[in-house]
Amino acid sequence: MTTPNNLVYDRPEGFTDTPTHYCPGCTHGVAHRLVAEVLEEMGVIDKTIGVAPVGCSVFAYNYFDTDFVEAPHGRAPAMATGIKRVLPDRIVFTYQGDGDLASIGMGEIVHAAARGENLTVIFINNANYGMTGGQMAPTTLPGMKTTSSPNGRDVETQGFPIRMAEMLATLDGVGYVVRRSLHDPKNIRLAKKAIRMAFETQAHGLGFSMVELLSTCPTNWGMTPVDSLKFVEQHMVPAFPLGDYKVAAGVAQIKI
Amino acid sequence: MTRELWKGNEAIAEASVRAGLEAYFGYPITPQTEILEYLSRRMPELGRTFVQAESELGAINMVYGAACAGVRLMSTSSSPGVSLMMECLSYIAGTEIPTVLVNVMRGGPGLGNIAPSQGDYNQAVHGGGHGDYQPIVLAPASVQEAIDLTVLSFDLAEKYRAICMVILDGCVGQMMEPAQMPEMKPIRRANWDWATDGKMGKRERRVLTSIYLDPIEEEKTNLRLLSRARAVQKNEVRYKEYFLDDAEFVIVGFGTAGRVALSAVRTARQNGIKVGLLRPITVSPFPHQVIDQLAGRVNGFLVTEMNAGQMLEDVRLAVKGRVPVEFYGRMGGVVPFTEEILQEIKRISSSKLSVDVNPRDAWLERMSPLPVGEG
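Chains as they are written, first to last, in this note's numbering: chain A, 10 to 265; chain B, 178 to 552.
Calculated directly from the structure, the hints in this document are not laboratory data. Note that the structure is a prediction, hence the values are computed from the model and not measured. All C-beta atoms in this analysis are idealised placements derived from N, C-alpha and C, irrespective of residue type, glycine included. It cannot be assumed that every hint is accurate.
Unchecked claim - From the derived model, a few chain B residues whose C-beta atoms are all more than 12 angstroms from chain A:
no. : residue
1   : 244
2   : 257
3   : 286
4   : 311
5   : 401
6   : 402
7   : 403
8   : 406
9   : 417
10  : 477
11  : 493
12  : 524
13  : 537
Stated by the list, open to error - For the chain A half of the interface with chain B, some residues (derived, Cβ under 7 angstroms), not all of them:
no. : residue
14  : 56
15  : 58
16  : 78
17  : 84
18  : 91
19  : 116
20  : 165
21  : 168
22  : 246
Build out the structure end to end from the sequences listed, making use of the hints.
Given below as structure tokens:
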């Protein structure tokens, strides 16, 4: 029988009691949980406002026990800017996929970062448009088959993947930008630390923060969940190297 | 309070500040840029939020976010910029949150030009963004009215949880006139029961969204929006009438076109022509009822606009074919001269008009060649 004494795993306070709509094996659930745990550990659930994107995580607002708004496709960083500017003492975060952030929302994310908006962005990179059924995204790997690159992404006609963390790290308004992966327990723990640092960056008023998370999409990739995790490790990590792309001096001094 | 000389755009900016504007998000575009420039000085001076966004998309989505937080805010733009904002306006409408947007209209379509136009009437009044929604749309014809309607727009937007647009042609935005500013109102947070400003230990979480996957729920939202629009139609119609008591003919025009028409009507009256003017101030809600009543007792209407006859259709809908409706418009950023409208008044009051003539077709025939030598 489960008692408080032998309980080792429970729903974090940052979550509502809602069954997931995500596909089996998808790492969105892991990413959601890490964010909820961090908000709980920082004691900021009450003053957090989330901004959901368009994509699979359009329903992110169902799961977090915080205020939430739902942005037009790609515009979450602009919406978050509006909220944070009028409520500077709140914690504001966006949760966006690769189509949302790196394609249609490229203008909004770059300028939010350039302005050094005190926001935290959780960026899920699973190399395709999940919700619409697995089309090519800006992060789709060269040669990778999707429903809109049926012969594999041909870089001659369909361009090259975009590395967002590296790109945003060049901007002076950025306090903290890193890339992590969700493909195994060790990397999940590192991802959680990074998410904590990103929210701490915001809490300390040190500018824009983003954690890019390499994620799976078993359904649209046509793989089992286990094979999907292997795909991330073997193919996505080499294309999107993990690492800290910008940790501003002030952020490096934060002690957790 | 004294009257001061104000430029239309700057007057709108200062009026919004005095109405308690807490946050402004904008992007430069002629002929509205003075609003952005003025507020870039004024808002920080008062410790309020000003952001020059990366685009009109950015600006209106910042508005969307801040509106969800429940503060008084505004964005301003001009025709092409407002087109960009239409995506988010639809979301704002679907989310049922108050938002004020000023459109200082210029010639179009496309990049068009920067001269005064009323070509965005349909976009503002009959939608523009996707889905079923009706913004409240106010149309000032002078700097004073631009001030007064800017102040009113915040109250209407909040009262009906709706989008309130102020549409003015570049003339009103750019010209200077003596006008009186309202008293400075302090910032006030209304503590709305819908705002997503953080639980802060006081309440359950709130979600603001425009997504309703269940069609029945979406239809309920559509019906809620519609019932608010009907309440707006019932309570908020505003217009100005001139010389209508004994009028045999009625000119209908809004904004600058209405103002030029007033000069023509005054001259016509001196010439003994019994003509009056109806100038809608709210073009949405449209003053259907007063036009309906007038149609029962006058000999005909002349609609004058700085477009190809967009409000014309709303007038025809109210007149219901009972008396002839004629049209005179200039487009592309051309402002009609008083003499042009006076000629039209003389024409309709001295010729036999028919309800069977398509007013736009007849106008186009008369317009060829163009009356002021451009042709």
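Here's how the hints hold up against the structure:
1. Annotated as non-interface, residue 244 of chain B brings its C-beta within 12 angstroms of a C-beta of chain A; the closest such distance is 7 angstroms.
2. The claim that residue 257 of chain B lies off the interface holds: its Cβ sits roughly 16 angstroms from the closest Cβ of chain A, which is beyond the 12 angstroms cut-off.
3. For residue 286 of chain B, the requirement that its beta carbon stay farther than 12 angstroms from each beta carbon of chain A is met, with the minimum near 23 angstroms.
4. Against the 12 angstroms criterion, residue 311 of chain B stays outside the reach of chain A, whose nearest CB is about 20 angstroms from its own CB.
5. No beta-carbon of chain A comes within 12 angstroms of the beta-carbon of residue 401 of chain B; the shortest separation is about 18 angstroms.
6. Distance check for residue 402 of chain B against chain A: the nearest CB is about 17 angstroms away, which clears 12 angstroms, and the non-interface claim stands.
7. Even its closest Cβ contact with chain A, about 22 angstroms, leaves residue 403 of chain B beyond 12 angstroms, as expected for a residue assigned away from the interface.
8. The claim that residue 406 of chain B is not at the interface with chain A holds, since no C-beta of that chain comes within 12 angstroms of its own (minimum 22 angstroms).
9. Its beta-carbon lying about 36 angstroms from the closest one in chain A, residue 417 of chain B satisfies the requirement of being farther than 12 angstroms from that chain.
10. The claim that residue 477 of chain B lies off the interface holds: its Cβ sits roughly 46 angstroms from the closest Cβ of chain A, which is beyond the 12 angstroms cut-off.
11. Interface exclusion of residue 493 of chain B from chain A stands, the closest Cβ pair being 35 angstroms apart, more than 12 angstroms.
12. The Cβ of residue 524 of chain B sits about 49 angstroms from the closest Cβ of chain A, beyond the 12 angstroms cut-off, so the non-interface label holds.
13. The non-interface label for residue 537 of chain B is consistent with chain A: the shortest C-beta to C-beta separation is roughly 36 angstroms, beyond 12 angstroms.
14. The restraint placing residue 56 of chain A at the interface with chain B holds, with a minimum CB-CB distance near 4 angstroms, inside the 7 angstroms limit.
15. With 7 angstroms as the threshold, the beta carbon of residue 58 of chain A comes within range of chain B, its nearest partner Cβ sitting at about 6 angstroms, so the hint holds.
16. At its closest, the beta carbon of residue 78 of chain A sits 5 angstroms from a beta carbon of chain B; the interface hint therefore holds under the 7 angstroms criterion.
17. A distance limit of 7 angstroms between C-beta atoms decides the matter here; for residue 84 of chain A the minimum to chain B is near 4 angstroms, and the interface restraint holds.
18. Interface hint at residue 91 of chain A: satisfied, since its Cβ lies 3 angstroms from the closest Cβ of chain B, which is below the 7 angstroms cut-off.
19. A hinted interface residue such as residue 116 of chain A counts as satisfied when its beta carbon comes closer than 7 angstroms to some beta carbon of chain B; here the least separation is about 5 angstroms, so the hint holds.
20. Taken as an interface hint, residue 165 of chain A does not check out: its beta carbon lies about 30 angstroms from the nearest beta carbon of chain B, beyond 7 angstroms.
21. For residue 168 of chain A, the shortest C-beta to C-beta distance to chain B is roughly 22 angstroms, which exceeds 7 angstroms, and the interface hint is violated.
22. Checking residue 246 of chain A against chain B by beta carbon gives a least distance of about 32 angstroms; that is not within 7 angstroms, so the hint is violated.
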